[in-house]
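Chemist: Take the given structure of chain A and dock chain B to it, following the hints.
There are 2 protein chains.
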Amino acid sequence: MSKQPIGKLDHIGIAVKSIAEARKFWEGTLGATFMYDYERPEAGFRFAEFDLNGTIIELLEPMNEESFMHKFIVEHGEGFHHVTFDVPDTRERIAELKASGVRVLGEKEHSPASYEAFISPRSSNGVLIQIGSGYPTLSGDPEWEKIVPGLRIGKK
Amino acid sequence: MSKQPIGKLDHIGIAVKSIAEARKFWEGTLGATFMYDYERPEAGFRFAEFDLNGTIIELLEPMNEESFMHKFIVEHGEGFHHVTFDVPDTRERIAELKASGVRVLGEKEHSPASYEAFISPRSSNGVLIQIGSGYPTLSGDPEWEKIVPGLRIGKK
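Chains as they are written, first to last, in the working numbering: chain A, 1 to 156; chain B, 1 to 156.
Hints in this document: simulated from the structure, not taken from any laboratory.
Heads up, none of these hints are tricks.
Simulated crosslink set (DSBU-like; lysine-lysine; CA at most 30 angstroms straight-line): (1) A/K71 to A/K98; (2) B/K17 to B/K71; (3) B/K24 to A/K108; (4) A/K24 to B/K3.
Chain B regions said to be covered by chain A (calculated; three or more residues, Cβ under 8 angstroms): (5) 9 to 17; (6) 51 to 58; (7) 114 to 124.
Positions of the beta carbon are idealized from the N, C-alpha and C atoms, including for glycine.
Isolated chain A, as found in the complex (with noise of 0.2 angstroms):
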């Protein structure tokens, strides 16, 4: 009896000082094909997604020093960040760990169609967690195009 995959893999996310420079190994070196790039300078940083077969790698940039993805960076150096798994049932997901004990931080809603949050390091083996739905990495929706301002899918 085993119990229901809290969902699938949506993008592997890798904390870089530069996407100009990290790209030129995702995409030259590993034959990654650029998706799409997105800016969130509220909260200080950018970040490209790129198919490499089937499995998204995102890379993350810090846009200033004040931002947690230049902390991160200067704490542990460049590498993995985060892993994402698309969890249609978010928000009945996020109850059921929380009532089970797992730590889940930074809950936000993006859309009515997208819910996100984090499990904490601290319950899931020192792996930071993001679970959410609605994805533009996963629907590849050209509709997030029209949501989210300064979205591009699949141009430079």
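Modeler: Just chain B now, with coordinates in the frame of chain A:
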């Protein structure tokens, strides 16, 4: 004109102090399904593979204090350790990687059909990348039980 992707995601490796403890979260909370476990006493670690809705999570545990896995956890704590891509033509791709200046470590032949190596985090934005072919995680080939002593596919 895009480059051929190097391979498909095989698994995500996570360093933990205790597989017995960690699986409570990955199985019990996230709903992953146990696939198999395996010990490599000569290298000082054991690991167990879990299928989380199509993504394989590998939990790695040190078997003694001399293990590189023990040193990793002392230095970094539990958490993400490596990501592995299944690369059918591993030897050729390793030669290409080296020719393009990428640092490649730990080349090893497990069997004529199974060859692996690691891309140094120095070349890949801090992310340890294992590349190889013929992994039992991917093939689920029962032949592995004959080839690899101690491997128990799908059994607890």
